[in-house]
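> Between the sequences and the hints, there should be enough to build the whole structure, so can you do that?
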Amino acid sequence: MINSILRFGLIFILLILLQVLLFNNIQFSGYVNPYVYILFILLLPIEIPAWLLLLLSFATGLIIDFFSGSPGMHTFATVFAGFVRPYILRIISLSDGYESGPDPSMLVYGFRWFLSYTLLIVLVHHTTLFYLEVFRFADFFRTLLRVLLSTLFSITFILLIEFYRRGK
Amino acid sequence: MRNLLNFLTRYNNLIIFLFLEGIAFYLLTTGNNYHNSRLLNSVRGMTRGIEARIYNTTSYLSLHEINENLAAENVALKNSIGKLVRKENSLFSTVNDSVNKQQYLHTSAEVIENSINRQKNFFTINKGESQGIKVDMAVISASGVAGVIVGCSKNYSVAMSLLNLDFKLSARIKSNGYFGSLSWDGRDYRYAILSEIPQHVIVNVGDTIETTGYSAIFPEGVIVGTVRDYEKFGGDFYKISILLMTDFKKLHFVDVTGNMKKTEQLELEKLFK
Chain A
1 MINSILRFGL IFILLILLQV LLFNNIQFSG YVNPYVYILF ILLLPIEIPA
51 WLLLLLSFAT GLIIDFFSGS PGMHTFATVF AGFVRPYILR IISLSDGYES
101 GPDPSMLVYG FRWFLSYTLL IVLVHHTTLF YLEVFRFADF FRTLLRVLLS
151 TLFSITFILL IEFYRRGK
Chain B
1001 MRNLLNFLTR YNNLIIFLFL EGIAFYLLTT GNNYHNSRLL NSVRGMTRGI
1051 EARIYNTTSY LSLHEINENL AAENVALKNS IGKLVRKENS LFSTVNDSVN
1101 KQQYLHTSAE VIENSINRQK NFFTINKGES QGIKVDMAVI SASGVAGVIV
1151 GCSKNYSVAM SLLNLDFKLS ARIKSNGYFG SLSWDGRDYR YAILSEIPQH
1201 VIVNVGDTIE TTGYSAIFPE GVIVGTVRDY EKFGGDFYKI SILLMTDFKK
1251 LHFVDVTGNM KKTEQLELEK LFK
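If you read the protein sequences in the order shown, they are chains A and B.
Residue numbering for the first sequence follows the numbering used here, beginning at 1 and increasing consecutively.
Residue numbering for the second sequence follows the numbering used here, beginning at 1001 and increasing consecutively.
These are calculated hints, taken from the structure and not from any lab test.
Bear in mind that the values here come from a model prediction, so they are computed numbers and not experimental data.
One or more of the hints may lead you astray.
Unchecked claim - Covered by chain A, per the in silico footprint, the following chain B stretches (three or more residues, Cβ under 8 Å):
hint: 1; segment: 1009-1020
hint: 2; segment: 1113-1122
hint: 3; segment: 1187-1194
What the hints assert, rightly or not - Stretches of chain A that chain B covers, calculated by requiring three or more beta carbons in the stretch to come under 8 Å of a beta carbon on chain B:
hint: 4; segment: 53-65
hint: 5; segment: 114-122
hint: 6; segment: 157-167
Positions of the beta carbon are idealized from the N, C-alpha and C atoms, including for glycine.
In structure tokens form, the structure reads like this:
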């Protein structure tokens, strides 16, 4: 128990540092803004209580907002992603159900499962985030393009991080 | 009562969810406004140490280019001083009232944090109230308009970048004086939109766009950019795409300009509203 709290605490800090120090400074173009900190929400254990998941999502979003100077935006999107995670897990559940214990990582459930899991949650998160940022439906398709491109890049980086973890 | 308790236990996650989203939405709507950026400012105060450190490492890489720009600006300033001095000498009057003559107060500052990839971009500069910076002062880069100060702490200020959906500026075509409203459409950091120019006006690609000074924030005649492209928009107006002079990706040294006669102008205008 203590061990896993320490482990997730470390992942939490590393991901936030990575996001704030590296990915927030990429400024490649307005269309590509990868947000990899969402990986923290992805990695939390499957049987985590829903209320704890929501509170952790809230804390994650709030801290990212602090460092990005965008009050509320990331908080809202991340809490929403945390809220839909149990439903998404149910939708893409394996035929033999989830084992209790292991975290939803690529190591345990394989690449294809992890990819669809990541894709769905990152898409939900990014859609909420980018439409909230523009806060209007004018330029609907341009925002959609931003969502899709950023999702692509976020997933690429998330998979890279996961492959690196597997390689170790 | 029992039903209520049942209801609460059954939907407790939904309630927590709605509660947390409520807080997030409250922060979102109160913290992101144009002039209500106090929260933004105080939040930035906490992360400023880190931002300054990141800036220190990145600024090293562009020193050469910055030096060149500063040298060029120095030359331009020396030239304009030369012109001014000659003009003064040719006057017959010997009274030199330097207090009332000066309308704008300039302070140079460095941009320590900047973004171009959001829809509402802000940047932070390394001067604040102690150096005389106030809210609503204009921020001008060596090449043109950059933003407006929206919040100050003791030693830092946050400015709303021109690359912000909430940014509005009164600008005109230099050659014929017709003015319109300039804003950013959130697409590309190099281009902005000038609207409300009537269709009978002759517009040419490459025309210079400058500020009007009507808003009492920006001095008159600051370069904004050049006309890149224009199209008819609605029945009566043009929608003109402007190539911005300021390269926001390289924004580094800026000039914060305060209008010392702003209150006088605004008070007078208020009488007739």
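> Decide, hint by hint, whether the structure agrees.
Consistency of the hints with the structure:
Judged by the Cβ-Cβ criterion of 8 Å, the segment 1009-1020 of chain B is covered by chain A as claimed, because 5 of its residues qualify and three suffice. Interface restraint, the segment 1113-1122 of chain B with chain A: holds (7 residues with C-beta to C-beta distance below 8 Å; minimum three). With 3 residues carrying a beta carbon less than 8 Å from a beta carbon of chain A, the segment 1187-1194 of chain B meets the three-residue requirement, and the given coverage holds. Counting residues of the segment 53-65 of chain A whose CB lies closer than 8 Å to any CB of chain B gives 6, so the stated coverage by that chain holds, three being the minimum.
Proximity of the segment 114-122 of chain A to chain B, defined as three or more residues with a beta carbon under 8 Å from a beta carbon of that chain, is not established by the 0 residues found. By the rule of at least three residues with a Cβ nearer than 8 Å to a Cβ of chain B, the coverage given for the segment 157-167 of chain A is violated, with 0 such residues.
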